[in-house]
Amino acid sequence: MTLVSIIALGLFAVWTGWRVFVVDSMVRASFSLMLSFLCTGGIALILHADYLGAATVFMMAVEMMVMAIFMVMFMMNPAGLNPMKMVHQERLSILMGALAFGVFVGAVLRSDLPDAPVAADRPATFDLGTELLGPSMLIFETAGVTLLAAMVAAVVLSSRTGRYGEADAGARPPGLTEGGDPAGRQPEEGGHHHHHH
Amino acid sequence: MSPLVLTLPVALLAGAWLAAWIDRLAPALWGGRAAGPLAPLRDGAALLARPNATTEAPDRLTRWLAPGTYLVLAAAGLSVVPLAPGVAAVDSPVGIVVWGACEALTVVAVFLHGWSPNSPFPLIGAYRYTAIGLPVMLPSMFVLIAAALPAESLSLIAVVEAQREVWNLVRQPIGLPLFLIVGLTLTLRGPFDFADGADIAGGTSAEESGPGRALWQLARLTMLTAFSAMAATAFLGGPLGPGLPAPMWLALKTVAVMLLTILACHALARTVPSRMLHLLWVAALPLSFLHLALAGWVAL
Amino acid sequence: MTLLRRLAASAPPPVYPCIGPGMLDPVERLFASGCARRALSPASAGVLLIAGVVPDRAAAAIDRLHDQVPPPRRTVGWSGADEPSNSLHDAWSGVLSGDGAEPDRLPDEPPNEWRGKGDHGHGGEGMMGGTPYGRPMAMTGEDPRDGLQLDRYTMRVGPFAPMLPPGLELEVTLQGDLIAAARVLQPPFPQEDTASAPPACAARMLRLLGLPHHADRLLRGGRVRAGVLCAVPKGLGAAMPGRDARARLRRWLDGEPGAAQAPEFGALITGLEWHEAILMLNSWSPEALRRAAEAA
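Protein chains in written order, with the working numbering: chain A, 1 to 197; chain B, 1 to 300; chain C, 1 to 296.
To be clear, the hints were calculated from the coordinates, so they are not data collected in a lab. Computed from a predicted structure; not experimentally measured. Worth double-checking, as some hints may not be accurate.
Said to hold, decoys possible - Straight-line Cα separation of at most 20 Å, SDA-like style, residue types lysine to any residue; simulated pairs:
id : chain 1 : residue 1 : chain 2 : residue 2
1  : A       : K85       : A       : W15
2  : A       : K85       : C       : Y133
3  : C       : K234      : B       : E161
4  : C       : K234      : B       : P273
5  : C       : K234      : C       : L178
6  : C       : K234      : B       : R275
7  : A       : K85       : A       : G17
8  : C       : K234      : B       : S274
Said to hold, decoys possible - Which stretches of chain B does chain A cover? Using the computed rule of at least three CB atoms under 8 Å from a CB of chain A, they are:
id : segment
9  : 91-99
10 : 111-120
From the three backbone atoms N, C-alpha and C, an ideal C-beta is built for every residue, glycine too.
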């Protein structure tokens with residue numbers, strides 16, 4: 001029963017992952033990817049990693065929702081009403097994908113995976129918490145803070161209101177003398193943006 | 001999963017009917033006419049008797065998937081709530097995270113409901129709601145984790161056990177009001193009804209008619225039932241109480257939270273999305289974080 | 001009749017009103033009395049109510065709305081003289097029994113050709129743009145707030161939109177729910193004085209704020225507490241300091257009539273979100289908006 005459901009979820013995850021590149025609709029692609037991740041969360045739930053499975057479902061739902069909103073905001077064909085070609089550089093990607101698949105399958109087949117089922121009363125969530133806040137605390141905290149800093153920096157960099165004015169008008173600080181040039185390097189003329197298809 | 005799962009449809013339908021009736025009793029508070037208990041059935045029949053509305057080039061799969069998913073999420077959320085001390089339909093050791101996952105997927109379901117008819121007003125409702133719904137997840141998680149701290153477990157059965165001496169409402173007083181915000185958002189009601197608002201001609205339900213519309217309204221009501229049961233479990237002690245059998249206590253507390261939510265829905269005005277967003281990030285989120293910090297300090 | 005139809009027939013009929021000149025107040029009182037339920041969109045309605053004599057410029061809009069009501073449907077005309085609840089009830093019974101379905105008034109065709117230039121024959125640029133399925137695809141334009149390139153969607157909000165005064169036609173270009181450009185195409189219909197009275201105007205704004213029961217109480221002559229004013233953002237449509245939408249709603253709640261003429265509102269709603277813009281437009285009476293639109 002466990003094996004059957006894991007295989008079924010795995011196959012569904014692969015199929016929805018393939019659909020991401022086949023559908024014309026960008027919003028459907030985002031939610032197809034979400035379904036694929038949900039299946040992975042489901043497999044984690046079946047393998048008694050309850051917290052990981054439920055947290056995967058939670059996080060992937062929110063992330064793919066944000067991606068779908070961005071599709072509607074920026075992409076000019078979010079519903080796939082126009083036929084689309086969703087892939088670029090297919091040959092190289094297929095080659096890399098096949099190579100990665102071969103490497104991973106080899107690694108799985110050659111490694112010594114544990115065989116014993118987890119005891120039903122084992123506090124998996126407690127063990128996970130102890131691991132995260134004990135031996136893996138450094139990785140956990142630095143990754144979290146780094147991600148937050150990157151998000152804040154991205155928003156600040158892309159915001160139009162610069163420190164001394166509009167960002168695309170140069171945002172020059174006040175001059176050293178009245179009406180003169182500011183200190184430091186003078187920015188060059190720029191502010192053009194690309195529009196690519 | 002136990003055979004108790006079979007009680008879920010009955011509980012959800014009964015709760016949906018009760019919530020719909022309380023909705024129709026609410027106008028009496030402002031001098032209007034209150035409706036009888038058959039009024040929800042009449043309105044439901046009026047919806048079912050109409051055909052489905054068709055639009056041009058809709059996303060057919062998600063048009064039915066959205067209300068269906070919403071209904072399933074309400075059932076999933078209710079399934080982890082303990083019906084008696086130590087007994088739940090689905091005994092999950094991470095019941096709180098399961099509820100969080102249901103909340104996140106609800107935002108997805110509402111977005112898909114507005115996306116699928118291929119019409120401007122539903123789409124506006126969909127992404128307006130997402131902009132409010134996603135930030136509401138954060139205070140919700142903080143408040144629920146604070147409720148779980150005295151129990152030292154994410155399982156709702158343990159959370160109920162930890163409330164034997166004193167309810168979480170007493171030792172964490174701002175938890176329930178903050179969680180009510182989450183409930184109003186999840187059920188698209190009152191001050192958080194950005195998805196189906198009157199200023200966008202009915203929003204995500206603007207192009208819905210007939211069985212599709214009835215299913216969406218039913219899903220909203222069942223989600224209100226599931227939310228009320230969850231709030232009763234996390235803050236009011238769930239099935240604990242002297243005298244009456246445990247499921248009766250859970251039902252009574254669920255109805256109490258439902259009454260509170262529906263009252264808030266009809267009494268509070270809805271402000272513009274940008275202002276609501278500002279209030280959420282600047283007021284609700286720091287407040288919930290302080291609440292969690294306080295609960296953590298008390299628990300240590 | 002089956003049990004379902006019998007139950008449905010005893011419910012108030014879902015009616016979408018097309019309000020003509022001079023009929024705004026009678027229609028609002030009809031819905032406040034509870035004998036019919038106001039549908040917010042034609043798709044959720046079963047009966048189309050045409051109140052008053054609609055001018056020719058809005059006749060095409062009535063045809064479009066009629067076809068959006070899912071069949072079986074009925075159209076009921078009301079001149080304001082008699083009590084319409086019987087004819088509405090009869091129409092609803094007719095809709096439920098499904099006899100004598102009204103046919104579509106307009107042909108079911110997209111407004112533009114699907115074939116054109118472009119890689120895939122839809123008349124666009126590469127994979128985007130053009131008129132797929134006959135409707136123009138939104139292309140990018142600059143966001144007025146940020147300088148990002150976001151999709152712009154132009155639509156016409158027609159003469160019988162439920163959140164605007166009847167007769168007002170706007171052409172808005174939306175980026176998300178931000179109004180990037182707006183143009184007034186047709187002014188609202190003239191209404192009688194009772195439609196611009198303080199309780200009726202305040203009730204309209206309260207409905208947009210999600211308080212339908214408070215609105216009905218105002219129409220019955222009751223009072224509403226001023227706490228609802230917090231929900232209206234400050235500074236909306238402020239012609240002068242202290243005369244914004246919130247102040248206008250406060251004056252209406254106190255029973256004082258508002259300004260006789262609104263400022264030119266096509267430019268005022270540009271740059272606002274949709275909800276803010278609708279609240280601002282409804283903070284002036286229909287008569288004030290009509291004078292402003294005809295003066296422009």
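Hints, one by one, checked against the model:
no.: 1; hint: K85(A) with W15(A); verdict: 19 Å, holds
no.: 2; hint: K85(A) with Y133(C); verdict: 18 Å, holds
no.: 3; hint: K234(C) with E161(B); verdict: 48 Å, violated
no.: 4; hint: K234(C) with P273(B); verdict: 14 Å, holds
no.: 5; hint: K234(C) with L178(C); verdict: 18 Å, holds
no.: 6; hint: K234(C) with R275(B); verdict: 10 Å, holds
no.: 7; hint: K85(A) with G17(A); verdict: 16 Å, holds
no.: 8; hint: K234(C) with S274(B); verdict: 13 Å, holds
no.: 9; hint: 91-99; verdict: holds (count 5)
no.: 10; hint: 111-120; verdict: holds (count 4)
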